[in-house]
Amino acid sequence: MDHYKTFEYDVLVIGAGGAGLRAAIEAHGKGVRTALICKSLLGKAHTVMAEGGMAAAMGNVWKEDNWQVHFRDTMRGGKLLNNWRMAELHAKESPDRVLELEEWGALFDRTKDGLISQRDFGGHRYARLAHVGDRTGLELIRTLQQRAVALGIDVHMEVNVQRLVKDGDRVAGAVGYYRATGDLVAFTCKAVVLATGGVGKAWKYTSNSWECTGDGMTLALDAGAELIDMECIQFHPTGMVWPPSVRGILVTEGVRGDGGTLKNTEGTRFMFNYIPEFFKSETADSEKEADAWYEDKKNNRRTPDLLPRDEVARAINSEVKAGRGTPHGGVLLDIASRRPADYIRKRLPSMYHQFKELAGVDITKDAMEVGPTCHYIMGGVRVEAETAATRVPGLYAAGEVAGGLHGANRLGGNSLSDLVVFGRRAGMAAADYAKGLGAAPALDAAQVDAAVRSLLSPFDSKGNENPYAIHSDLQECMQALVGIIRTEGELRKALEEIAVLKQRLARVRVEGGRAFNPGWHLALDLHSMLSVSEAVTLGAIERKESRGGHTRDDYPFTDDRFGTVNVVIRRSDRALGVSIEPIPPLPPELKALLGDKK
Amino acid sequence: MAATTVTMKVWRGDAKGGAFREYQVPSQEGMVVLDVIHTLQATQAGDLACRWNCKAGKCGSCSAEINGKPRLMCMTRMDTFPPGETITVAPIKTFPLYRDLACDVSFNYERAKEIPAFKPGPKEPDGTRRMWQEDVERSQEFRKCIECFLCQNVCHVIRDHPENKHSFAGPRFLMRIAELEMHPLDTHDRLELAQAKAGLGFCNITKCCTEVCPEHIHITDNALIPLKERVISEQYDPLFWLARKLTGKK
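Residue numbers (our numbering), protein chains in the order written: chain G, 735 to 1332; chain D, 50 to 299.
Check before you lean on any hint, since a few could be wrong.
Distance condition first, Cα-Cα at most 27 Å in a straight line; then the derived DSS-like pairs of lysine-lysine [to be verified]: (1) K58/D - K118/D; (2) K1080/G - K846/G; (3) K997/G - K1014/G; (4) K739/G - K65/D; (5) K256/D - K1080/G; (6) K193/D - K1099/G; (7) K172/D - K846/G.
Honestly, the hints are just simulated from the structure, not real lab data.
Since the model is a prediction, treat every value here as computed from it, not as a measurement.
Based on the sequences and whatever the hints tell you, model everything.
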């Protein structure tokens, strides 16, 4: 058997975006031996790409704002499928988490009074997103990174974790390898926090980086935890569409928050034609009212350009289908004709830069071409709201890898706040659990050996499948058959294709050695992309209605029978099982906050 | 536009040695160098090592030397090269090579550990922190840094003199010190560190760092020169020094 390095910790945090960093800082602060594992270099995680901001009802711009309104907006944006306790904790705690970042050196943009400025975003009643231009994610990750470094937390960079090891029912460690050298590593630990993010790389057009391959969801499933609402995938309405090589790269919702509007090729601001009944009472129905809303929120309702993302993505999809899209299959996002060039460059510097460099478009002069891109998964590992604990003792999950907070659709800005609110809670709970445990669990050598064998299998394969080709075929499959609009027939076809791709993956063969070999890394990532894609498809078949980030052409309306249930996925033996389980009812005091019925 | 074929020369090898290898790769409209590298991986060189994450100029992972110029591969469009030109992609030179285009950049992470953390003063009487936009903007410019380490790579103090790596933190981390020095709330004094341990004196403001910065940060003019001025004022002006000590201001 191959030699492997070993380390022993109390709490092992897997994933070093916002949630993982925040969890590690918290666990370390509780005095337990903590390590942070990054799949990339420290500070490069997908959090870095978050643009618009971090939602928190601080009331700096609109003093009418408070946690109750934020809770209501989050629940309504999620089409009430949310874990209401998570939504409550999130709305209550985000302001403190933003201020905490400021204590650690973050420099947010300011109001005229010198407080943290807040900007408008889709689905939020008030301007609520603390931000730094359009690079808020970078500010968040750098602040947390610098904090973690100052605290001296152990960081293992460019490590892929492939398998969790258990001691009886509970978590006992993890097995992986260093990407740079290919050296194997086994961690013994009392608790694991999964903070591995999403799975966007299973789709062809995505805003996600290569790291987003669903690793944590697969680790959790394999360890015996459950996934919920995997069918709820957010297609961000505005990704770049041209040129082909940049298709999918995110265009921040901040463009619309700062005054941009969507138009079809006939010049019509089409979002006025797509206001759903559910949001009618709070959405402007004339261009005049919509434009006035930016300055005066008391006497005007919100522009339909800032409806929640699921609504806008579907609207764009319909416009393009109806032949009112651009030749490249997008629509136009215009801020050039609506705001001065200086303002645009100041508020949206990286969008200006991105279009200028990659598409040759000056967004202060011309409209941007945009279309939906796979952006976020609302579903994920099922956790307890207070502790982020899964059903496996010692296993916690926070951030995009966890499900529940966002229900069927996430509001923009609620992700960065999610990371720090629940990253902190996960770190705290994991540390408490580890302290209460006494002796470390034993690392079962047989499990480690099995993990090592499967890690190295692509080198000994007798087959000749190319991992890049399998990945590309998976992306085509998910894009075409499990995209924005779904039908039972296509979903069943996707399941068949995924089964074939799994067989092909068993015959995958990689060239070269173990040192920094991206073909090998991809072959291993494909295991999790395929299991998570299967989970998403199974969930999508089971939820026979349309809600948030799950739209069924064959069941085009929301169905109350599905409005109060989670679709739950577990691994039993080698297969994935699906069941439908009720969401605990909302307590009356929270129900009262939701206001007008749909 | 139909695909055209481009000739790429890509460095293949590790710390022990290597060579440029030539590849013919199809290229389509709008492609960047990183797209071509990805095409290469998928079709001809499955084990070609390179780092990347965001592919949008936001993470700073895909630094390389393209036709000799240090750049991000994701932000270098193929159509900026004359048709028919052979495009050479090499790893950044200043750091030890792992494989192909991926280097061991741990020097930078070690240097980051040496800078004392942000340390704010007391809050306002009403419990808030008030800062003005024009004051935060100075440090915000430096916080745009995506840590691509191209400035570190190109700085001749360490590029041409590896022996200086012990006594020079490089533009990225001198700028980090400047950022904290200019942070409206910070109370810690890092000027001694800048001069003694981080080697600010080595910098002779040739602006190579500024030229390669993909975020267009004015590293030399806005960070390094003002930092040098502060160090000089601190060292040579006892009144300035006393005033600082008494008021706690910077």
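To see whether the hints hold, each was checked on the structure:
no.	hint	verdict
1	K58/D - K118/D	14 Å, holds
2	K1080/G - K846/G	16 Å, holds
3	K997/G - K1014/G	20 Å, holds
4	K739/G - K65/D	24 Å, holds
5	K256/D - K1080/G	25 Å, holds
6	K193/D - K1099/G	24 Å, holds
7	K172/D - K846/G	18 Å, holds
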